[in-house]
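**Q** Below are the chains, spelled out letter by letter.
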Amino acid sequence: MINRFTYTNEQTFFQKLKSIDWILIFCILLIGFISFFSMYSTDGGEIKFHTKNHILRFGIFFSMMFVIGFINIKFWHSVSYLFYLIVLVLLIAASFYGITASGSQRWINLYFINLQPSELMKVAIIAFFAKYYHRMQITHVNKIVNILIPFVILVIPIFLVISQPDLGTSILIALSGIMVLWLAGINLKFFVYSSLLLVISAPFVISFLKPYQKLRILTFFNPDKDPLGAGYQIIQSKIAVGSGGLYGKGFLKGTQGYLEFLPEKHTDFIFTLFSEEFGFVGSFILLILYAVMIYRIVYIGFQSRSFFGRLYCFGFASAIFIFIAVNMCMVLGLLPIVGSPLPIMSYGGSSMLATMIGLGIVMSAKIYQRQLII
Amino acid sequence: MFDSGGDTRFRKLGTINRRMFIFSAAKAVVLFGIVGRLFSLQINESKKYLTLSDKNRLRESRLPPIRGEFKDYFEKTIAGNLRVYQLHVVPEQVEDFKNLIIRLKDILGFDNRKLAQLIKKKNQQKPWETLIISENLSWDEFSKINFYLHELAGAKPVITVGRSYPYKGSFTHILGYVAQVSEKDLINSEIIRERNVPGLRVGKSGLEKTFENDLIGTNSIQRFEVNAYGKKINQIDYQEGLKGKSIRLTIDSEIQEYTNELLSDKAGSISVMDIYTGEIIAMNSAPTFDPNLFLYGIDNNKWTEIKKDPKKPLLNKTLSGLYSPGSTIKPLVALSALDHDVLSPDMKVKCDGKVEMYGHTYHCWKKKGHGYMSLKNAIKQSCDIYFYEASRLLGVDRLNLTANKFGLGKKLLENYFPNVKSGVFPSTKWKKQAIGQNWYLGETFITGIGQGYVQTNPLQLCLMTAQLANGGHKIYPKIIVDENRGNAEQIKNKMLKQIENFNEKEQELIMTAEEFLTNKKDDHIPLYRNPENVKFVLDAMFRSTNEVYGTSFSSRIEDPKYQFAGKTGTSQVKRITEEERELDLDISLIPYKQRDHAWFIAFGPYKNPRYAVTVLVEHGGSGSKAAAPIAKKLFKKIIDRHELREKYKSRNI
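Chains as they are written, first to last, in the numbering used here: chain A, 1 to 374; chain B, 375 to 1027.
Since the hints were derived computationally from the structure, they do not count as laboratory data. Hints may be right or wrong, so weigh each one.
Unchecked claim - Anything over 10 Å on all C-beta distances counts as not near chain B; from chain A, calculated:
# : residue
1 : Ile31
2 : Phe37
3 : Lys48
4 : Phe62
5 : Phe70
6 : Leu154
Said to hold, decoys possible - Straight-line Cα separation of at most 27 Å, DSS-like style, residue types lysine-lysine; simulated pairs:
# : chain 1 : residue 1 : chain 2 : residue 2
7 : B       : Lys686    : A       : Lys48
8 : B       : Lys686    : B       : Lys578
9 : A       : Lys253    : B       : Lys429
All C-beta atoms in this analysis are idealised placements derived from N, C-alpha and C, irrespective of residue type, glycine included.
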């Protein structure tokens, strides 16, 4: 049946350029610009370290996305396992030779960049599972072996990241992975069983958590209990967002950010700063941009002829959505504070790199949407 | 391989697409939730969070209010505000505190003890709290600091206001002093609690304390934007506070200062009062102390020195010191005796220097005796024997009535000075109640010469003198200028009219009703039964000063412009034994503590009296030698200043 679709691989450069999803590119660029302004605001209305770095990284990685996009999806399919392996090795390296900052050993020094492999793992795990299920027949998906292997593949990086310790990223990796597994057709009952298992084992898991992680979970349930301590971030973040009102306080006029009441305003709380300055209207527009971006990725997945491309796009769209949702829920006080950057907006090279690699493969799936992968 | 499962392929595709669809639906729900949350935070609860955000970033800093001033009658400032140069350091903003403080030590030249104190203080307070290195820099030091400021990172030269008392000790007993707020002040006064800021100074005694609520003023408020660490970023708003109310006193600072000079090296009191308006022109108590010392915290040695001084500089002797009035009471006894018709002015009593009554010997101050004395002469020469007889005839209770009318035994200015003493003018009833014993007749005798139970403060005697001098009319002492009260001329005319319209029978009625009326102010009710009696007494007092043999003859002024009339008093501080009486030692040979108190009460100018004066010199010896000469000097000054005062008053109207 599929043979009915004739496919020629010989697109000209202009044809390739034409088949790029310009709406997606437009959304990415727009979010990028918004992030520049936000970064400029965190620097106190001057182009300083953070703004300069952020623009530079966005520029480099955005170009890199195009390069990745122009490479055939077949290639990305073939290197998926390798990609996962390299990131896994980097993760292991990070836990031995990593740079320790704020109590967590999660970076490795690559001289031109301090890389955080756990961020890359968010993408690598999706690519791995997309390839893993690419050829697998639906009837084999629910075989025990085919459940155990992905489980191990997923648990190894999670374990490594948790031990860094970095609860937030490990949860996000787990969620990205599970998402693809479910999309691939694993029976719902396995998820139900494992969730039950998780609930039962939760007390044991919690006893292994670091005190600061326990505190964060407790504070989430009652942030006012210790307003100057652990609850401070949630309270200040809510104040910043709430005080923004409908139209916001105006560009560079966000007092919560400017006067340094906001914690981590460059990274995890960048949305709070943006929301304070541009209000409900600005935040809503940003959300719409993200939604369109995700919709476009899903749409590319639908257009994709290969299961790899489709699974990858669906998985990546879901993962991006989860990153955004977790970050926003966190700064809006709907989830406990776990370290999770907002894709593209947040300052941070590894996160930007991972997002752009991920988007690059999506782009490749678009350009080579009719490519069959055997 | 690819084609082998065409069917499963479709199933796979279907599963993936279906699940993606479910996902997308879930995403929409989550997205909707996030938008809802944003809506609730940014639109529904926006106001709440906006106030929270303002609370975060805005800090109010209250500055010390500017205290109201005290002015004298001529509106010269007697307690004012002064630019004070201070040096503040906020330890948090200093990179190297040790280095800075040692550099400051070099520049300002303070010793190691002060250095240790500063470091101790620094360790006690929070790092962002201001540490006051120096409360009061001289201009030289201040400019030196400014000169070296570039190398003193973190040091802040500050100009603030402090209290200054330009007349130093002269007004201490009236104004009191201000000092740093204590815990007690905060507990007692809501206004102080409300307006308290570091560096605020409040009244600790005297009028500074009484009028605290009027004087204190309101804080200036500075609104700052601060960052999360509490660092001030910029000033947003400045609300100028109101300066406290200025209070104008009836005191003439020049006379007040002069009284201070007159009493230097002595312990004692001087009061000067306008006999018509009751305005206190001067009121001093010696020794005094410099209230400026308390401004920046007095050092311990100095404080013990003041506290332990046997002359009691902390006591306001004019209001809170109690003394036997001695012979100064005699005019009042004479008036009481005349008013009650117990003797005629012509009654003669022979004075032999002592008299035996009821088996007890009573002495006159003059050992040889005065011979035959009439009432006028008895006042003039202060014959004790005559007054023993007069008080025997009068009885203590009738004397007590007159004394009470003239204000003895009653608190004066108690609204302004909380420590005012009422003193005692005894009666039989009083003794029964206070001591629980019956009155002995002998006690009447010594009461008649102002000894025994009688206890008065100098202002009471001044008021008594003033009320005699104005012809026997009630007045009330005043220390705050009250423009609405009648002026001296009006009051004088009113009093003269009362004398003209005098009708003895009517007076009886008024006299009985007087008890009920005493609280009614501004009513210059007569205190006599017959104004002639008052005139008689005043004439006797004139003779006492201006005729040969008068007790204060040596202190007279012949110039009618300054001529005054007065009465000396010498009050014993202990019972004189027979041996001592025989010895009759010179004052310099008696131990200080056992010397008599010297009194002089006077009014002047005689032809047209206007001012009453009371002088007390504690342990000064005889009134004629120690107190009367002071009054003489003082009268010159007072009369010289009179015209200025009148002019100033009419200028004001």
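**Q** State for each hint whether it applies.
**A** Taking the hints in turn, this is what the structure says about them:
1. Ile31: Answer for Ile31 (chain A): holds, closest chain B Cβ roughly 16 Å.
2. Phe37: Correct as stated: the minimum Cβ-Cβ distance to chain B is 19 Å, above 10 Å.
3. Lys48: holds (17 Å)
4. Phe62: holds (25 Å)
5. Phe70: holds (26 Å)
6. Leu154: holds (18 Å)
7. B:Lys686 to A:Lys48: violated (71 Å)
8. B:Lys686 to B:Lys578: holds (18 Å)
9. A:Lys253 to B:Lys429: Measuring from Cα to Cα gives roughly 16 Å; hence the hint holds.
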